[in-house]
Amino acid sequence: MSAAFLARDDLQRLIDALRREHRQVIGPQVRDGTIVFDALERASQLPVGVVDEQAPGRYRLKSDGSGRCFAWATGVQALKPLTFAPRETLWRAERGERGELRFLDTQPAVQPTAVIGVRGCDLAALHLQDQHFCYGAYADSYYNRRRRALFIVAVDCAHPAATCFCASTGDGPAASAGFDVALTELDDGFLLRAKSDRGQELLDALPVVAATDEQLGRAAGQHAAAVAAQKRALPGRDLRQALFARLGHPRWNEVAQRCLSCGNCTSVCPTCFCHSEGDVPTMDGRQVDHFRQWDSCFTPGHSYIHGWIVRGSARFRYRQWLTHKLGTWHEQYGRSGCVGCGRCIAWCPVGIDITAEARALVEGEPDARP
Amino acid sequence: MRGHSLTQQRPNAYVPHEAEIVRRVQESSTIFTLYLRFTDPLAHASYTYDPGQFNMLYLYGVGEVPISIVSDPEHEDLLVHTINRVGRVTRGMEQLREGQRLGIRGPYGRGWPLREAEGQDVIVVSGGLGCAPVVSVINHMIRRRERFGHFTIVQKVKRVDEFIWPERYERWQKVPDTTVLVAATEGSANWRWQVSGKIKVLDDVVVRSERTIAMLCGPGGFMGSAAEHLIANGVPADAIYLSTERNMQCAVGHCGHCQFGATFICRDGPIYPYPKIRQLLTVEGF
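If you read the sequences in order, they're chains U and F. In terms of the working numbering, the first sequence opens at residue 890 and continues consecutively. In terms of the working numbering, the second sequence opens at residue 8 and continues consecutively.
A couple of the hints might just be wrong.
Stated by the list, open to error - A short, non-exhaustive set of chain F residues, derived as facing chain U with CB atoms under 10 Å:
(1) Ala20
(2) Ala26
(3) Pro48
(4) Glu71
(5) Val167
(6) Trp200
(7) Ser203
(8) Glu252
(9) Gln256
(10) Val259
(11) Gly260
(12) Gln266
(13) Gly268
(14) Val290
(15) Glu291
(16) Gly292
As the list claims (entries may be wrong) - Chain F residues, not near chain U, derived (Cβ > 10 Å throughout):
(17) Glu25
(18) Val32
(19) Glu101
Stated by the list, open to error - Here are a few chain F residues that sit away from chain U, every Cβ distance over 10 Å (derived from the structure):
(20) Pro183
(21) Gly204
(22) Asn254
None of these hints come from the bench; they were simulated from the model. Since this is a predicted model, take the numbers as computed values, not measurements. Each residue gets a CB set at the ideal place from its N, CA and C atoms; glycine is no exception.
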């Protein structure tokens, strides 16, 4: 696959081409002190010259004065809210005069959507959520509809944050799969590569020229620098046995002293899939909307069962999250549930670092065998 | 999973169907049984299930709860659910009367290994109020008594008022080649069964051969001790099956609440062969 070059001034033409083919185009933009994915019409809405500074418990945007649109690592959310809605009605029930019940399926109205600016880590997370929601015995039609409406324009990450560790999980910093078109941003423009037929059609509609060796060389250098810039890493790709051999490790108690059980980590995690269901009746009681919304294994209600809470302490909740994310995901979906995006580190109010916790655990002594 | 349910054929497994309460029986001060029929005759006719599977029952305006199906699919037309009033939804469901409606979707999960048990000795052990799911399995085997070897029924309760179906156990005592063992930690003046703590009642279980299968239901710690005791007495570990429960909301392996290690209880359970959950069964917090 040979790369094509699109001049920076022609980026708007890419957005226009997407807007012609899709009912809406979603892209990154600055809002609320972070970068969010929202409806995008003009290239000037992108975070031009914006970089993110991330550290445990810290996220700040600042200007670097460059003309780059994608000089940041990650915003607060990946694609998750676009496919797995934070809250949505699943079905509606109506009660008639004689108490009879009627159930109505309420599928979401979905329109073809192009997303620009997707990172490799977030694509890996999307693929994991696809496995969870689309390919089991029961396919989730709500997720499926939204997912299948997406056209994805990825952008290789050239500016990993200090919290990033996608190189150690194998999910970045370049986008390698799961996109229609991927971009590498250079100072003067973009290298484009198509993965799907639809992606190639998009490229064919743009005023691109063949990339030069010099441009490809700059892209390769940028990638190598992005890999080298990552100082954090998980202590291995498969920590299943290491973690389950240390369920009694004192570190669980120690991290529980710091963990607030707030659930920020799970709400920014692009692979966390837990959700709860509930009912909202109308005031006259004739109709009920049955909804689902994101839930977190850090809440007491998550493990509540008639009169007792299975995970009544932060120690058990953090252990559940970590042993699932880095351990039992392997048995469920063939790999770790962590894609190295680092969001749980930056958005944790007390700066708990998943890579440091995992390292402290697996480097510690295993439990004594009973 | 054997058979096909209506919900599996439908595109959306999340949406319940309307069912009518045809009969309601109060079993104890907190336990009641609902006999249900889908109001759509076609839905009712095409619904099949295995003993040990469960349904999600929906109380209008309040929410859903997972409840085991205790009827016999080959002998009963109505869907029977025995419910303990323990939480918000079941408290409301307790108020429903005959003729009233609720929502139902299912069946979900894996049932008891009744096919595998044919030709073998069978030991059924239940602890506390976890007895409703095993009552259906006991009824199933009593009805087909000749297909099974020696049958041992064990029920352990803490207090005598947790033993809610004494007449059933007395009836089962009279079934040929069947041993019934009942024990309470604290007895009472009229208590005619054993008084013993923890799993001591299992000392009286005789394992006659390796061709024995055991089915357990009750609190995790109780089942763990009972399973280890049975293994020590010659029951193969993979012939021991346990019924588990956790918070469940979607019942189709998506919502994440019922995860037990790598498994989803709604999908991979609620009945598991012991080796599958042995490592975590008695670890607090899982």
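Hints, one by one, checked against the model:
1. Ala20: Check passed: Cβ of Ala20/F comes within 5 Å of chain U, closer than 10 Å.
2. Ala26: 9 Å, holds
3. Pro48: 15 Å, violated
4. Glu71: Glu71/F check passes; min Cβ-Cβ to chain U is 7 Å, inside 10 Å.
5. Val167: Val167/F check fails; min Cβ-Cβ to chain U is 21 Å, beyond 10 Å.
6. Trp200: 26 Å, violated
7. Ser203: Hint violated; Ser203/F Cβ to chain U Cβ min 25 Å, cut 10 Å.
8. Glu252: 6 Å, holds
9. Gln256: Since chain U brings a Cβ to about 5 Å from Gln256/F, closer than 10 Å, the hint holds.
10. Val259: 4 Å, holds
11. Gly260: With Cβ-Cβ at 6 Å, under 10 Å, it holds.
12. Gln266: Because about 7 Å separates Gln266/F from the closest Cβ in chain U, which is inside the 10 Å limit, the hint holds.
13. Gly268: Holds, because the Cβ-Cβ distance from Gly268/F to chain U comes to roughly 6 Å (cut-off 10 Å).
14. Val290: This interface hint holds because 6 Å falls under the 10 Å limit.
15. Glu291: 7 Å, holds
16. Gly292: Interface hint status for Gly292/F: holds (3 Å vs cutoff 10 Å).
17. Glu25: 4 Å, violated
18. Val32: Consistent with the label, Val32/F stays out of reach of chain U, its closest Cβ about 21 Å off (over 10 Å).
19. Glu101: Since the minimum Cβ distance to chain U is about 13 Å, Glu101/F lies beyond 10 Å and the statement holds.
20. Pro183: 38 Å, holds
21. Gly204: Answer for Gly204/F: holds, closest chain U Cβ roughly 21 Å.
22. Asn254: Answer for Asn254/F: violated, closest chain U Cβ roughly 5 Å.
The earlier numbered hints that this structure contradicts are 3, 5, 6, 7, 17 and 22.
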